[in-house]
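S.K.: These are the residues of each chain, in order.
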Amino acid sequence: MSVVTPLYDSLWNEFVLWSALVGAFTFGWLYHHTYNYRSKDGVDDNVDNLEVGVFPAHYDSLKLEVAWTVVPFILIVYLTFIAWAPIDNLWSSSDDGWFGNECVAGESSNLMINADSSFTADCYHILEITGFQWDWDFDCLELDADLCSQGLTTIEGNDKKLLNLKQGEVYLAEMTSEDVIHAPWFVSMGIKEDIMPSQVTKQWLIADEVEDFLLLCTEYCGDNHAYMIAGISVHA
Amino acid sequence: MERRTAMTRSMVVLVFIAIAMVVSPAVNSLPTGIGGDNIQSQGCNCHNTLPSSNVIPSLAGLPEEYNVSTTYTLTISFSGGPAEGGVNSGGFNLWASDGDFSVVDATVQARSPTELTHTEAGNDYRSWTIEWTSPDHGRNVDFILHVNSVNGDGANTGGIDEWNRLDVTVAGSAGAGLEAADAFKVLGTLIMISLVLLTVTILYGFYRTNPDNFTWDYLAPWITGWLTSTDHKRIGTLYFVQGLFFLGVGGIMAMMIRVQLAGPDTGFISQDQYNQFFTLHGTTMIFLAAMPLIAGFANWIVPLQIGAPDLALPRINALSFWLQPFAALLIFTGVFSGEGADTGWTGYAPYVVSAGAHRGVTFWVAGQIMLVASSTLTGINFLTTIAVMRAKGMGWMQMPLFTWSILVANVMLFLSIPAFGIGLIQVFLDRTISTAFYDMAAGGDPLLWSHLFWYFGHPEVYVVIVPAFGVISEVIATSARRSIFGYRSMVYAMAGIGLLSFIVYGHHMFTSGMSPTLRFVTMLTTMLVAVPTGIKIFNWLKTMHGGSLVYRTHTLWALGFLVTFTLGGISGMYFPAIAMDLHLHETYFVVAHFHYVLVGGTVFGMFAAIYYWYPKMTGRMLDERLGTLHFLIGFISYNGIFWPMHRLGVVGMPRRTHTYFITTDDFTSLPEWAADWNLFISVSAFIFFFSNLILVANMLTSLVRGQKAPADPWGGWSFEWMVSSPPPTPSFDWNNLPELRDANEHIANEPTRMGAWFNRLMVPDQEEEASN
Numbered sequence: 001m002s003v004v005t006p007l008y009d010s011l012w013n014e015f016v017l018w019s020a021l022v023g024a025f026t027f028g029w030l031y032h033h034t035y036n037y038r039s040k041d042g043v044d045d046n047v048d049n050l051e052v053g054v055f056p057a058h059y060d061s062l063k064l065e066v067a068w069t070v071v072p073f074i075l076i077v078y079l080t081f082i083a084w085a086p087i088d089n090l091w092s093s094s095d096d097g098w099f100g101n102e103c104v105a106g107e108s109s110n111l112m113i114n115a116d117s118s119f120t121a122d123c124y125h126i127l128e129i130t131g132f133q134w135d136w137d138f139d140c141l142e143l144d145a146d147l148c149s150q151g152l153t154t155i156e157g158n159d160k161k162l163l164n165l166k167q168g169e170v171y172l173a174e175m176t177s178e179d180v181i182h183a184p185w186f187v188s189m190g191i192k193e194d195i196m197p198s199q200v201t202k203q204w205l206i207a208d209e210v211e212d213f214l215l216l217c218t219e220y221c222g223d224n225h226a227y228m229i230a231g232i233s234v235h236a
Numbered sequence: 001m002e003r004r005t006a007m008t009r010s011m012v013v014l015v016f017i018a019i020a021m022v023v024s025p026a027v028n029s030l031p032t033g034i035g036g037d038n039i040q041s042q043g044c045n046c047h048n049t050l051p052s053s054n055v056i057p058s059l060a061g062l063p064e065e066y067n068v069s070t071t072y073t074l075t076i077s078f079s080g081g082p083a084e085g086g087v088n089s090g091g092f093n094l095w096a097s098d099g100d101f102s103v104v105d106a107t108v109q110a111r112s113p114t115e116l117t118h119t120e121a122g123n124d125y126r127s128w129t130i131e132w133t134s135p136d137h138g139r140n141v142d143f144i145l146h147v148n149s150v151n152g153d154g155a156n157t158g159g160i161d162e163w164n165r166l167d168v169t170v171a172g173s174a175g176a177g178l179e180a181a182d183a184f185k186v187l188g189t190l191i192m193i194s195l196v197l198l199t200v201t202i203l204y205g206f207y208r209t210n211p212d213n214f215t216w217d218y219l220a221p222w223i224t225g226w227l228t229s230t231d232h233k234r235i236g237t238l239y240f241v242q243g244l245f246f247l248g249v250g251g252i253m254a255m256m257i258r259v260q261l262a263g264p265d266t267g268f269i270s271q272d273q274y275n276q277f278f279t280l281h282g283t284t285m286i287f288l289a290a291m292p293l294i295a296g297f298a299n300w301i302v303p304l305q306i307g308a309p310d311l312a313l314p315r316i317n318a319l320s321f322w323l324q325p326f327a328a329l330l331i332f333t334g335v336f337s338g339e340g341a342d343t344g345w346t347g348y349a350p351y352v353v354s355a356g357a358h359r360g361v362t363f364w365v366a367g368q369i370m371l372v373a374s375s376t377l378t379g380i381n382f383l384t385t386i387a388v389m390r391a392k393g394m395g396w397m398q399m400p401l402f403t404w405s406i407l408v409a410n411v412m413l414f415l416s417i418p419a420f421g422i423g424l425i426q427v428f429l430d431r432t433i434s435t436a437f438y439d440m441a442a443g444g445d446p447l448l449w450s451h452l453f454w455y456f457g458h459p460e461v462y463v464v465i466v467p468a469f470g471v472i473s474e475v476i477a478t479s480a481r482r483s484i485f486g487y488r489s490m491v492y493a494m495a496g497i498g499l500l501s502f503i504v505y506g507h508h509m510f511t512s513g514m515s516p517t518l519r520f521v522t523m524l525t526t527m528l529v530a531v532p533t534g535i536k537i538f539n540w541l542k543t544m545h546g547g548s549l550v551y552r553t554h555t556l557w558a559l560g561f562l563v564t565f566t567l568g569g570i571s572g573m574y575f576p577a578i579a580m581d582l583h584l585h586e587t588y589f590v591v592a593h594f595h596y597v598l599v600g601g602t603v604f605g606m607f608a609a610i611y612y613w614y615p616k617m618t619g620r621m622l623d624e625r626l627g628t629l630h631f632l633i634g635f636i637s638y639n640g641i642f643w644p645m646h647r648l649g650v651v652g653m654p655r656r657t658h659t660y661f662i663t664t665d666d667f668t669s670l671p672e673w674a675a676d677w678n679l680f681i682s683v684s685a686f687i688f689f690f691s692n693l694i695l696v697a698n699m700l701t702s703l704v705r706g707q708k709a710p711a712d713p714w715g716g717w718s719f720e721w722m723v724s725s726p727p728p729t730p731s732f733d734w735n736n737l738p739e740l741r742d743a744n745e746h747i748a749n750e751p752t753r754m755g756a757w758f759n760r761l762m763v764p765d766q767e768e769e770a771s772n
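Here the protein sequences come in this chain order: L and X.
Residue numbering for the first sequence follows the working numbering, beginning at 1 and increasing consecutively.
Residue numbering for the second sequence follows the working numbering, beginning at 1 and increasing consecutively.
Any given hint could be a false lead.
As the list claims (entries may be wrong) - Quick look at which bits of chain L chain X covers, simulated, 3 or more residues with Cβ under 8 angstroms:
hint	stretch
1	8–17
2	25–31
3	45–52
4	214–225
Hints listed in this document are in silico derivations from the structure and should not be mistaken for laboratory results.
All residues carry an ideal CB built from backbone N, CA and C; glycine is no exception.
Construct all of the structure, not just a fragment, from the sequences and the given hints.
M.R.: Below, the structure written as structure tokens:
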């Protein structure tokens, strides 16, 4: 089971690896120089003959400076490259993209995980999400109750909205807000997108694992922002 | 002479009025009953405005004196009302000051652990059964029951629906106990104590001006001297005192936030207050603490470093400063009224102009408009000073790096802050005279604010970090007894960061719904920021090579900066990867990242600057042992606060929320260890907060008892080490300005390419004289 999503995890692991390498290199260097080049007791070595009112002699090396401009640049280009491809998957076109076109009634998405941790599907289902201060509304439109249904649940003693989804299906959420900016965070799906009044933003919901998790609001929206939560239930 | 006395007297009166303005609202107007849903203090809005004695509420099952941690079954009921005997729909709200309610059937729902109300299904009842578990402290508990009795026609025809209220107090073995403190009263009290300490310190400072022959007669002229001074050193000190004071205030607010988050739903501060605390914490730390601290050092050190007797526009400089305390007063005005700004420091539209946002937002916006004015004037002043008042022999490429950093920061600020000013004025007009810049119904655009804000907001965070780069460059080079490695690439890297800062801001809006193409472009540009930042870090490391590193407190803070800033830089690389940012955006991973660069970067840089330049500013050395202690405790506890936040963000803890949810049987959320780490963070936060008092104590005691500082205690090369400690006023003799020599004679006499280009823009001196 992945920590967030397979796609997120693979990117995360790669970034953590490079972070560790860069960190080890930098801190190793820092440790070595701060220890090796510490001043000796009672000796005040004015290495570069610093003198008040005199701009010090240049201490530089074009080769080294170019090196640590070019090498990090290459690493950056590589990291940008590996971070690039997943966006195509996450922000796939809804018109014959990674997830095909909208399913006809009775058709299943047939979700698949590819070797590179991306998702593909034959088709997707459309549902609507509306945010308002401080609750969510789900609308499954014409979908079968097995594919999508909305209901109520109790979270920490409070009545909250619940959205039931089916494992192996892909949904395109068309989202908007009635008042101010909100941002639904589907924590276990590793995605969020702002919703704004009089604008529809879209978000792919990929139900790959059977799990009940919370939908949180992550754009500050006023008094009850922290409790603007809902349940998402993915069933088999 | 007489006129002078009258003037100083009126100045003192003004000061007292100003102090009274700050102090009196804090005493008289501390808030009661904030928030719309506090039924216990605000009362019920149950169909009629006034209660009716026809309705008789009852709460049965409570003992005379409760046993601690015991569960009681309670029955809520009422009699009387408009439909006595007929079909009667009643409702209730039961609030308790402590203990935990639990729901036993579907007729009742919990609004919080201490507040219950009926459900839709329970709306046809006259009696409900619930359970209450008594608290473990044994103090008295208050219950407030509201019931309403309606005739069930769904409309309140003729106003015949009625309600009433019942107050019950159940005794505990421990009696009434102490009243729980209101968070605003705690904050108000702590700010008051800080102000009193500040006043005592200022009066002591006055006493120290002439301890052998003390007389109060000189107080008025002494204070007037400070209030009307245009000397860059005095204004620098004023900025500095303001910055440190608000660093403390912002810190106090951070501590209260951490008490709230020490466990899930601790209830220490209400959600309404919490929202104001994080808003003001951010605004205070950025605009009232970091910026003034930087401005303080810039005021003090830049003229000294470039060999100028003062800034180019000393009166404008005084105006820049004096706008600040009054702006601060405006920003905090809302808090004293009980409705401080609650928008987050980003103040996103349309919430910021909506009716739901607090009234204090208007004051908060007004205060920030004053800060925009202040920063603009500061920008003009420093750009002018650095451009025209450099000592003879100091070309652009012979300027000390701290001066370069202030130049780059002010260029960025000067070019970006107008956008923020425009946005603020739009919000102000929307809120006061109902214009419709951000009114959705009238076709306003909320993304416009996001663009204006972040066009300023991203350069702004570089404005507060770049001066720290300057400080670290000075400290590392001087401590290693070397020239800075790659002076020119340092300058180009800073300028590069300055340029990039304007084309990366879209990464704050990866989830905003703006054009995906634009989001993708800013992903590329944001990744590029790592290159100039990397150059700077590697140059600092290489500077130490072959050097003779002298370990002083400022050296420790600078090395600490290298560690924390590198970590903050690395974590920053996770955000431009959009596929990860969609998960990490607005979580504690972000909170961890920006505190690593803003505290580990800016604040550590400013600490290094304090230890480095304090002897120059006061003529006294700081205590190195206290300094080392401050560094060790501060550095360790600092990492204890912010390092665990990375993990908390990844596992799903959103920022700006009053509570967090731990996984239950029903729903996956944060793992259980998340609560333990939050407690650990809160404890570390208190240690970090108190460790900084060591610095304050060190500064105050050293001012009196510290060793006398020589002109150049650390062996630096720039002009500030040429003048005495503390420097004379004016800092340099107008008739005998210093001249910079250059150890690289062969290039010193040729203008650099950039210098030649800039010189073409300036009117040559001879020409100017000729035209006169």
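S.K.: Now tell me if each hint is right for this structure.
M.R.: Evaluated hints:
By the rule of at least three residues with a Cβ nearer than 8 angstroms to a Cβ of chain X, the coverage given for the stretch 8–17 of chain L holds, with 4 such residues. A stretch counts as covered by a chain when three or more of its residues have a beta carbon under 8 angstroms from one of that chain; for the stretch 25–31 of chain L and chain X the count is 4, and the coverage holds. Counting residues of the stretch 45–52 of chain L whose CB lies closer than 8 angstroms to any CB of chain X gives 8, which reaches the minimum of 3, so the coverage claim holds. Closer than 8 angstroms: that is the beta-carbon criterion, and the stretch 214–225 of chain L has 11 residues meeting it against chain X, so the requirement of 3 holds.
Every hint from the earlier list agrees with this structure, and none is contradicted.
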